[in-house]
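Novice: Fit the two chains together into the complex; they arrive one by one in their own frames, and the hints show the way.
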Amino acid sequence: MRQLVFLSGLPLLLLLIILPILPFLIHAEHTSNWAVLVSTSRFWFNYRHLANVLSLYRTVKRLGIPDSQIILMLPDDMACNPRNAFPGTVYNNADRALDLYGDNIEVDYRGYEVTVENFIRLLTDRVGDEMPRSKRLLTDDRSNILVYMTGHGGNEFLKFQDAEEISAFDLADAFEQMWEKKRYHEMFFMIDTCQANTMYSKLYSPNIIATGSSAIDQSSYSHHADNDVGVAVIDRYTYYNLDFLETHIREPGSKMTLGDLFDSYDEDKIHSTPGIRWDLFPGGEQKGRERLVMDFFGNVQNVEVGAGDEFGWNETAWREDLVRLGEMAREARGKREDGGRHTGPNSTQTARETPLRSRKRVGAVKVEAEGGWGKKIVGAWALLGCMAVWFAGSALT
Amino acid sequence: MPAEEKGALESSATLNDSDGAFDPIDGVVTNVETPKKPPPEPAESVRIRTLVVFSFWAVVIFLGLPIWWKTTAIYRAKLPLKDMMEWADGKACRPVFPLQISIEAPFLQELDAQHLLRTTQHALDDHNDFSAHHLRLQLSQPSQLVNATAHVEGKFAGMGVVGPLEDQEHVALLVRLLPGESGSPPSAILQSYSPTLEVFYPPNQIPSASSTSSPLASFIASKLQEIFAEEQAMIAYILSTGASSASAQTSGSSGLAGHASQNPQPAQTSARESRSSLIKALPADLQANLARRTTRSLKYSPTYHLTFSLFTPGAAPSSWDIENAIEQYLSPLLESLSPISNFTIDTQVQLYASFSPSVRGPEFDPDINAWTLPTEDLSGFINAAEWPLSPSIGGAPTVNFILYVPSADRSPLVVKENRGNSWLIPQWGGVMILNPPASDSLAAQTASHLSDEVLRPAFLTFSHQLLSLLGTPQSPPSLPLRLLTLSRVRSASLLLSASSTLGSLARLTLALPSISIPRAVAVSVDRTLSHLHDACASLREGQFQRALENARIAEAEAERGFFEKSMVGQVYFPDEHKVAVYLPLLGPVGVPLVIWAAKEIKRVWRIWNVGRAGGAGR
Numbered sequence: 001m002r003q004l005v006f007l008s009g010l011p012l013l014l015l016l017i018i019l020p021i022l023p024f025l026i027h028a029e030h031t032s033n034w035a036v037l038v039s040t041s042r043f044w045f046n047y048r049h050l051a052n053v054l055s056l057y058r059t060v061k062r063l064g065i066p067d068s069q070i071i072l073m074l075p076d077d078m079a080c081n082p083r084n085a086f087p088g089t090v091y092n093n094a095d096r097a098l099d100l101y102g103d104n105i106e107v108d109y110r111g112y113e114v115t116v117e118n119f120i121r122l123l124t125d126r127v128g129d130e131m132p133r134s135k136r137l138l139t140d141d142r143s144n145i146l147v148y149m150t151g152h153g154g155n156e157f158l159k160f161q162d163a164e165e166i167s168a169f170d171l172a173d174a175f176e177q178m179w180e181k182k183r184y185h186e187m188f189f190m191i192d193t194c195q196a197n198t199m200y201s202k203l204y205s206p207n208i209i210a211t212g213s214s215a216i217d218q219s220s221y222s223h224h225a226d227n228d229v230g231v232a233v234i235d236r237y238t239y240y241n242l243d244f245l246e247t248h249i250r251e252p253g254s255k256m257t258l259g260d261l262f263d264s265y266d267e268d269k270i271h272s273t274p275g276i277r278w279d280l281f282p283g284g285e286q287k288g289r290e291r292l293v294m295d296f297f298g299n300v301q302n303v304e305v306g307a308g309d310e311f312g313w314n315e316t317a318w319r320e321d322l323v324r325l326g327e328m329a330r331e332a333r334g335k336r337e338d339g340g341r342h343t344g345p346n347s348t349q350t351a352r353e354t355p356l357r358s359r360k361r362v363g364a365v366k367v368e369a370e371g372g373w374g375k376k377i378v379g380a381w382a383l384l385g386c387m388a389v390w391f392a393g394s395a396l397t
Numbered sequence: 001m002p003a004e005e006k007g008a009l010e011s012s013a014t015l016n017d018s019d020g021a022f023d024p025i026d027g028v029v030t031n032v033e034t035p036k037k038p039p040p041e042p043a044e045s046v047r048i049r050t051l052v053v054f055s056f057w058a059v060v061i062f063l064g065l066p067i068w069w070k071t072t073a074i075y076r077a078k079l080p081l082k083d084m085m086e087w088a089d090g091k092a093c094r095p096v097f098p099l100q101i102s103i104e105a106p107f108l109q110e111l112d113a114q115h116l117l118r119t120t121q122h123a124l125d126d127h128n129d130f131s132a133h134h135l136r137l138q139l140s141q142p143s144q145l146v147n148a149t150a151h152v153e154g155k156f157a158g159m160g161v162v163g164p165l166e167d168q169e170h171v172a173l174l175v176r177l178l179p180g181e182s183g184s185p186p187s188a189i190l191q192s193y194s195p196t197l198e199v200f201y202p203p204n205q206i207p208s209a210s211s212t213s214s215p216l217a218s219f220i221a222s223k224l225q226e227i228f229a230e231e232q233a234m235i236a237y238i239l240s241t242g243a244s245s246a247s248a249q250t251s252g253s254s255g256l257a258g259h260a261s262q263n264p265q266p267a268q269t270s271a272r273e274s275r276s277s278l279i280k281a282l283p284a285d286l287q288a289n290l291a292r293r294t295t296r297s298l299k300y301s302p303t304y305h306l307t308f309s310l311f312t313p314g315a316a317p318s319s320w321d322i323e324n325a326i327e328q329y330l331s332p333l334l335e336s337l338s339p340i341s342n343f344t345i346d347t348q349v350q351l352y353a354s355f356s357p358s359v360r361g362p363e364f365d366p367d368i369n370a371w372t373l374p375t376e377d378l379s380g381f382i383n384a385a386e387w388p389l390s391p392s393i394g395g396a397p398t399v400n401f402i403l404y405v406p407s408a409d410r411s412p413l414v415v416k417e418n419r420g421n422s423w424l425i426p427q428w429g430g431v432m433i434l435n436p437p438a439s440d441s442l443a444a445q446t447a448s449h450l451s452d453e454v455l456r457p458a459f460l461t462f463s464h465q466l467l468s469l470l471g472t473p474q475s476p477p478s479l480p481l482r483l484l485t486l487s488r489v490r491s492a493s494l495l496l497s498a499s500s501t502l503g504s505l506a507r508l509t510l511a512l513p514s515i516s517i518p519r520a521v522a523v524s525v526d527r528t529l530s531h532l533h534d535a536c537a538s539l540r541e542g543q544f545q546r547a548l549e550n551a552r553i554a555e556a557e558a559e560r561g562f563f564e565k566s567m568v569g570q571v572y573f574p575d576e577h578k579v580a581v582y583l584p585l586l587g588p589v590g591v592p593l594v595i596w597a598a599k600e601i602k603r604v605w606r607i608w609n610v611g612r613a614g615g616a617g618r
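Chains as they are written, first to last, in full-length UniProt numbering: chain U, 1 to 397; chain H, 1 to 618.
Misleading hints may appear alongside valid ones.
Said to hold, decoys possible - Subject to a maximum C-alpha distance of 25 Å in a straight line, what follows is the list of computed PhoX-like cross-link-like pairs (lysine-lysine):
1. LYS565/H / LYS82/H
2. LYS36/H / LYS599/H
3. LYS36/H / LYS182/U
4. LYS135/U / LYS182/U
5. LYS135/U / LYS70/H
6. LYS159/U / LYS565/H
7. LYS202/U / LYS82/H
8. LYS78/H / LYS91/H
9. LYS202/U / LYS159/U
10. LYS416/H / LYS255/U
11. LYS602/H / LYS159/U
12. LYS182/U / LYS91/H
13. LYS70/H / LYS599/H
14. LYS70/H / LYS416/H
15. LYS578/H / LYS37/H
16. LYS135/U / LYS299/H
17. LYS78/H / LYS565/H
Note that these hints are calculated values from the structure, not bench results.
Bear in mind that the values here come from a model prediction, so they are computed numbers and not experimental data.
This is chain H alone, in the form it adopts within the complex (with noise of 0.2 Å):
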């Protein structure tokens, strides 16, 4: 065929200008006359048109599809949803508190002391309920140290025994035992500045090496139990809700799908019955109590800061010797802290600081001749909007302590139930009216500046409400030794608290399947576990310092987690404005494509069909 050869040979401008169909002028004409047929495609320009077609398909297909795929697809990092929900449920890490109690014994013999230690241990053994938390003695000499926790921890072959040289740091308690009075019943006195308890014992009531049970022995634990039951329930009460506020949120959860029932029950899952059987019950006013402390005691942070402010309706007091009081009152406190939470202060003096309008003020009782507060007015004593409290300086909470100092007309004032001068507010601080001392000398001097011996009732009365703030246990009365149980009680909250942050962050990443998941929070995730795991270990050995080094890590971890800042809900978008985005645009390139490899699909099963024919007829 010569045409076809010469549309090879020739480009498509060349058939145009020597045809003069393609002329628009010529063809206007033409056409008006008789309708003439364009002529006939050269093979080649179909060959070519159907290859064009082709390869935009295959740039559609193979490139357009993989990008749009591609960049519109929503990161989600693997997480380990398994171990995660495991930690939440309680299932992966069952937190115990071995407590070791170092006896010493100085006036006895080996063998006796270590019978003693057998009896005691049995006793305590009896009596304690709450498998988690128990006590385990030992005699401090440290040949004999291996056999004892041996014998103790049968039940916890394996676990490794604590060497003798770290052993000092994990003692919770040192019994010493020292002769008394022979004839008298046993006693003790428990060191307030140490975690010592002296035992006297009459000579005559050691036990002898065959009997299996003596007054002494019994004695020796019902003391120390008596010692370490706030503790006890503490951490029981903790574990209790960590597990029960988990089924909650399980139940909570389940709404996730759809709407949340009208009542949402409390579902009886697995996870709270295996959780429940560690948990011991507690008594009704017992656990009340526990649970205003717990409502009361800020929420765990490895800094707190602390704002000591001075509040007075005139201009005087305009000085107080704040450097002086911190120094004496409350750094000791906050030194022996310091393995918790570190702390950050400021302070400031406020003059002419009013009530708040909506509030009542104090009003005169002449029976006590004091201005009195009512307690139902307490609350809004602080005049929030007006008083520059809670400076957001650095991070962390804020603890305030406010002291305000009464007018002259308006004291002495204070509290009308209970003639008190102090209280405090759960999760925020502490207030103090400093009466200005009635003696004339003082009040001269009072006038314009607070000395630190003015200051000291104030100063002790916050460190008091500091602690019991920072949700340190009331007894018992030695404080070395409650603060080593606020180390524990707060590692037992913080790995609850780690734990259940990491339930949270599986269930979200399940529940909404929008929202990007960024390798940063897969690292964290696997950090938390890894360290929670390590948290657990420690408890199990009773190295609770270690133990709450790694849970507050944990926590920070599980924290960052959680609050990855580019894990925003992607915004609600809805089918039909997907179509309203892609349609303008796909729409124009969309049809000629489709139209054009319709029209390709056509020739071909023309030509297909054409072909079958002729063979047919052939």
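Extracted from the complex, chain U is given alone in its bound form (with noise of 0.2 Å):
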């Protein structure tokens, strides 16, 4: 009899119901959002594919995406352009209501930069050592990635800075090889370009949306220009698609859907036929229409308040672990130390150790003019060397 009594307050695990594991794995939610914003053009009259850029740029970090998840190419400088008649700014509207540039950007890639190459690296993560995190798409299977392209494209390739260009099935492999490294959790792609929908026409990566400005056969338009800034500022997909996410997106905790997006779309205004991809989406049209614009344009997590409580957790005796802890690992680390094990201890050293070593700063190093002099001398007396040869070749004949 006793032995059931105990029986039974075994654990919950004794009851035990068979159930599909996958569903919590589709559903499970995000934690993390990241943004890489692509503007593959240069020179002054490409303005507005930087005005584009920077204009999302603007619009996720109001939505409150960190810097440090979002990377932000540009190929041109356009607020130093020598024929900025606004020096220090960028504008995307005729009313020069809102600089773009102002003054907290962070730009990751810039000027030659932007290349095919480094963005095929910069979405499969394959980088040296010497790339600094700032300049990688660190995301992992919970991560939402919103990538916005914009440039001069045609069907089925979109133009890099005039050089080179990537083509829609270069974009799918890299996109399919972060699916397998399970580098994202959904992606949202928008780009603006001419023909860009058949940039995502070759995509076969599931749990994407993608959604371009203009079909094949079709250009993309500018939106409209400003007089004194001499090009036109924005194109118009682009204009339309910030347009919603100003006035209907103010806060954080929008509700707005992807579907509020797309039905915002008016080929009148914007001059061409956007179009939307859902089958790679699992749940197609219907699901992908109910997500929030918030799961790709802004960084909202879930909060967890109280983390502590639901560990029955009290401070004292947690505060009394620690310092037992404490006791016990001073202990161990002399133990460990006596039987000269270096597993522990060393790794505790390098972690104190190490803030201290990254607080050092490592100035630039000053050329210095040392044995300049030596260098002339040889200098010199090859140059007479040579001379000396030129002087006896033409003697002799």
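Specialist: Laid out in structure tokens, this is it:
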């Protein structure tokens, strides 16, 4: 009898129900949001592409994605272009109410760093050890990624900096590699370029929602020009996306869905046919439309308030635990050092020392003029020698 | 034939001089008059021309083609694809967690103790339905050890019995049997600072040698199962998600060849079935709980970077006694975590930190006389755009801990729903609002400087949040036991993640034929495989620390292999582009070569025909 009483006290584990495991994985939430914002064209007359990207940058930042999780690729610096009548600023509207450049902008890849190779390296994280963390896409299977691209493109390609192009196949393979390595949870791919919808037609990895500005054989048009800046300042498709984001998503708590965003597209205004691809997303269009815009454009995390309470946590006991733990750790370290084992203690040592080391600044090394005279003399001798050979040669002939 | 003899002796230059026909002017003049035929070609120059054509073609075929082939071929090192897929499918290794539980019975006869151990082991085995994780008991006296393990491990025969010397390191829990009051039911106390369970038994409950079960044995068994229930659930969960995500990956990659189907259905692969046979099904609520917890915890990394930040909306407090606070409240914990991960620390103080403009500020609640933050606004509490977090120091992931001291006119500041002042952001870090103490003397002190005494609650909260961010289980109440559990859980998840990386690499290799695979990748894969093997073996032997180390190396190597820098997928190159590249180069070179060759072949053909005709005529 007694035995039975004890056994009934056994944990819940004994009451087992066979349940499919997969649904839990699919509906698992994301824990971080990342944005990859890419402009691919340089030169002054492409002002609008940089303005597009900077507008998106400003929006995702406003909605809470920290700079460390935004990868911004700008191939040119419009703010400091000599033709810019408003130095140090970039505007996306002729009213010039909002300076996109501001004073707090972190460009991760600039100028000639914006290449197809670097873009693919970024997506697949095949970078060297020298690459700082801020320039890497450190996502995992719980990250939602927004990829926005703009530039000049054509059927199944997007031109990078007049020098090379990325094809829809490259993009699809890169995304597939990300999926294989579980580098994203869900992805929202948005592209504003001519024949944009062809760019996402080759994607084949799951959990991607893709949208583009124009169908095959269609151009994407700019919205309007600023006569004082002298060029078009924004593209139509991006303009109306931003319009929706600015007017309907005022705060991080917004419950607007992707369906609302796509319903706001008006072909008469955009002057091209925006495309949406749902088939890669589990649940297709129906589930995709229910996704919140903030799942991709913002950084909403499920905060756990009072995480300590569920532990049945009480502070004094915890503190005592810590003190005891400290004593034990010290004891153990003593013992292990006596035993001549070096697994634990050394690592704690490094753990303590490293911050000190990291705080120490390594200044730039000054290039000294040391030995400059010696080099000059060697150079002069070499020159003289050459001249002598020349004279000898001409004398002989 | 004299003319031919002459041509053979003299060079072609002399031919030019002697024969007016090759003079351009003469040629023009004479050609206008009567179309004059060129003199017959000397046989020797025909032979030379044939040789020249032949040698050109020889260079093209024997030198040019191999070089072209060699230089444009993509180097693909041979990978043990079959092994890799086997690991990914979980066929190569079945992770098992035999936990050794040492029983110390100083007041029992050896025979009695043995018998008690046997019956307890039976009770344990009867109620354990998750074979991958099981408890095995042994008496702590070294002499009996061999017998005990031999008995317990009958089914694991041949796996080697752990020697008594290194045994002490691998004991998961020590059960100390102490006589208690007779007549009262047995009781147990789990020591909170060491992995020891003290069981007080009434002396009359020692099972006699003949009985097959006893209340004491089942009491100990149920206690042990209770202690390890959560660990068992966590490991079962990790193994099951590993298996199902592997099958999800397989189904995803089936779309590799073409486009993914409308609704990717999980393929009922044999891999999944083989793995799910060892999965223990978990109740739904427990599973949801575990899912939430794995979502919260950070990915394993050998090093974590902890950033402690003090944010305040005004100018004060401008300093804190952070070094002492860390030394006192955090170092012990970090030290005891050091076998699993290392930690580096940096700290910062940020004054005049304002909220993000798009977030509603705190509201004053007159009922509780405090400023309140609604829970749904907490995720926007951190002003990601302005606050300098994530310092990108080193290569380790950052765990952020934020201490926010509200200004005097906005304090106390609490969370609206539960009046709490701290919350945890999954995979990111923790936040704590430190309201300045009410009493005036302390408030004066707090104004500009936070002493370690004031920081104490914050750092206790942080240390607790750190544990839960690292994925430490919530039970049992003994911290050392939980840390041991953490190391086992981590080795399981590392083993699975390294295996799944290998699988990804293998599938990529097959799916992208244009990607190059340098030798370094093959080396990494070999190392991963050997360390995975070691880790699996260590797990089987119950040497969890070594298993963790091996799994850690395997994971690092697998990552290095997958993220090999030179393995960037070749830029897609359609066939028409290849034509566009080769044609301008090969066209001008190729046309004369081909025509030359054709002419030669025609000539040889004609001569052969003539020869045959002559032969036939004769």
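Novice: Mind listing which of the numbered hints don't hold for this structure, in increasing order?
Specialist: 3, 5, 7, 11, 13, 14, 15
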